[in-house]
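Asker: Next come the chains, spelled out residue by residue.
There are 2 protein chains.
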Amino acid sequence: MELSIKPIGTIHSCYREKFGIPRQPGLVKSARGSIELLPPCDREEMFKELERFSHIWVQFLFHEAVPDGWRPTVRPPWLGGQKRVGLFASRTPHRPNFLGLSVVRYHGLRREKGSLYLDISEQDLLHGTPVFDLKPYVPYSDAVPDASSGFAHFSTRKVAVAFSREAEEKCRSYQEQTDRNLLALVTEILTQDPRPASQRASTREYGMLLWDVNIRWKANGEDFMVFAVEQQRE
Amino acid sequence: MELSIKPIGTIHSCYREKFGIPRQPGLVKSARGSIELLPPCDREEMFKELERFSHIWVQFLFHEAVPDGWRPTVRPPWLGGQKRVGLFASRTPHRPNFLGLSVVRYHGLRREKGSLYLDISEQDLLHGTPVFDLKPYVPYSDAVPDASSGFAHFSTRKVAVAFSREAEEKCRSYQEQTDRNLLALVTEILTQDPRPASQRASTREYGMLLWDVNIRWKANGEDFMVFAVEQQRE
Numbered sequence: 001m002e003l004s005i006k007p008i009g010t011i012h013s014c015y016r017e018k019f020g021i022p023r024q025p026g027l028v029k030s031a032r033g034s035i036e037l038l039p040p041c042d043r044e045e046m047f048k049e050l051e052r053f054s055h056i057w058v059q060f061l062f063h064e065a066v067p068d069g070w071r072p073t074v075r076p077p078w079l080g081g082q083k084r085v086g087l088f089a090s091r092t093p094h095r096p097n098f099l100g101l102s103v104v105r106y107h108g109l110r111r112e113k114g115s116l117y118l119d120i121s122e123q124d125l126l127h128g129t130p131v132f133d134l135k136p137y138v139p140y141s142d143a144v145p146d147a148s149s150g151f152a153h154f155s156t157r158k159v160a161v162a163f164s165r166e167a168e169e170k171c172r173s174y175q176e177q178t179d180r181n182l183l184a185l186v187t188e189i190l191t192q193d194p195r196p197a198s199q200r201a202s203t204r205e206y207g208m209l210l211w212d213v214n215i216r217w218k219a220n221g222e223d224f225m226v227f228a229v230e231q232q233r234e
Numbered sequence: 001m002e003l004s005i006k007p008i009g010t011i012h013s014c015y016r017e018k019f020g021i022p023r024q025p026g027l028v029k030s031a032r033g034s035i036e037l038l039p040p041c042d043r044e045e046m047f048k049e050l051e052r053f054s055h056i057w058v059q060f061l062f063h064e065a066v067p068d069g070w071r072p073t074v075r076p077p078w079l080g081g082q083k084r085v086g087l088f089a090s091r092t093p094h095r096p097n098f099l100g101l102s103v104v105r106y107h108g109l110r111r112e113k114g115s116l117y118l119d120i121s122e123q124d125l126l127h128g129t130p131v132f133d134l135k136p137y138v139p140y141s142d143a144v145p146d147a148s149s150g151f152a153h154f155s156t157r158k159v160a161v162a163f164s165r166e167a168e169e170k171c172r173s174y175q176e177q178t179d180r181n182l183l184a185l186v187t188e189i190l191t192q193d194p195r196p197a198s199q200r201a202s203t204r205e206y207g208m209l210l211w212d213v214n215i216r217w218k219a220n221g222e223d224f225m226v227f228a229v230e231q232q233r234e
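So the protein sequences, as listed, match chains B and W.
The numbering of the first sequence is this note's numbering, which starts it at 1 and goes up by one.
The numbering of the second sequence is this note's numbering, which starts it at 1 and goes up by one.
Among the clues, some could well be false.
[Stated by the list, open to error] Below 20 Å or equal to it, Euclidean Cα-Cα: the simulated EDC-like pairs (lysine to aspartate or glutamate) are: (1) B:29 <-> B:119; (2) W:83 <-> B:45; (3) W:29 <-> B:45; (4) W:6 <-> B:68; (5) B:29 <-> W:146.
Bear in mind the hints are in silico, worked out from the structure with no lab data behind them.
Please work from the sequences and hints to get the whole structure.
Answerer: Right, here's the structure in full:
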């Protein structure tokens, strides 16, 4: 038995590539985005009273994982990338049906040039992600704070993040143009150290694309230094 | 763009019909079930280390809702079945793509007659439900206990449940045969009052099928009296 499903919307996100997307979405408060709703789901009445809820579930497709398929076991980052666990004991994108699940903060609906957008933040979704369902987050049944979790071993180490004077100025002028708080976003992402566990001692340069801006940084002892903020032409 | 997805498993559940399935799954501790894993997902290694987690997410199809389709607005039970809200502000099964999401307690894997089963409890899934994905519940990102929720208005009223002597004896003998604690299961389900909000004053008789047993009860003032427990031939 196969089922055919169809996207109800598409993600617009600050995350333009997989590298940099946080493993713990709630910590990156500045990660804004929106869901562009597609017909027949681009009608305000379908979201009536959603404003009662602070958070929503997004069920989506890990679309960039599809071409690579999946394997029965994976090496998750919370075990340092060494040990293998079953794919169903992980949240890897490389899984049968490639379905993803994230809780995000809800900021309301907006109609712009005829399209309906649902604004979100604290999200970890790649730009262009197809969305299959949205549901209100109901703490009564969805929040199980005393659930036990292999993820308890997660590192809580925070990296200090500094900016060169020029990089900081570029972030500020970008915010003036776009109202996007790039300084906060970059800081929140880098403080969690997006490097693979195997590269924790690396001193090489890294880059990541946020919106239309390429961010370049490198390790400086235990800390990170952001030395370039380069706006791309879209 | 359409996507074709395929079940990784099928639910075996005490719930044989929609009526009786609790709106707050976690409260019905005795609601046991299992997921029969289908090829190619019926391999133990795909679940290695899942025992680190107490709870898992089940992403499934509301298969009995598919024939009826969906409407843009619904009347959810938490508003007394009166007021209309957008379908995306509800957890109605009648939604585009008919995808469901439930957190359940995980009890381990079991191989029986060649098939691999994943045992669960505290579940609210209809027997025969197709499952599309399983994920570990990660409280770090999934538990948002301070999320605000329209469901705060949920009734916490509990109905007292009594059994006739004969009904109680039948429950006990069923448990001896099957190791299923029917007395606890019926009590936990009925204490939450499964009747539609519009029938809260009804004194008519109700029935529900749990496993292969038909349970019949009626209101007795503010309380419920279970007066018949009838095992069906399967």
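Asker: Has the given pair, residue 83 (chain W) with residue 45 (chain B), been kept, meaning a C-alpha gap of at most 20 Å?
Answerer: Holds, at about 13 Å.
Asker: Taking only the CA atoms, is the gap from residue 29 (chain B) to residue 146 (chain W) under or equal to 20 Å?
Answerer: holds, 15 Å
Asker: Taking 20 Å as the top limit, are the C-alpha atoms of residue 29 (chain B) and residue 119 (chain B) close enough?
Answerer: Measuring from Cα to Cα gives roughly 13 Å; hence the hint holds.
Asker: Below or equal to 20 Å on CA atoms is what counts here, so check residue 6 (chain W) against residue 68 (chain B).
Answerer: holds, 18 Å
Asker: For the pair we were handed, residue 29 (chain W) and residue 45 (chain B), check the Cα-Cα distance against 20 Å.
Answerer: Distance of about 36 Å is beyond 20 Å: violated.
Hint violations for this structure: number 3 only, all remaining hints satisfied.
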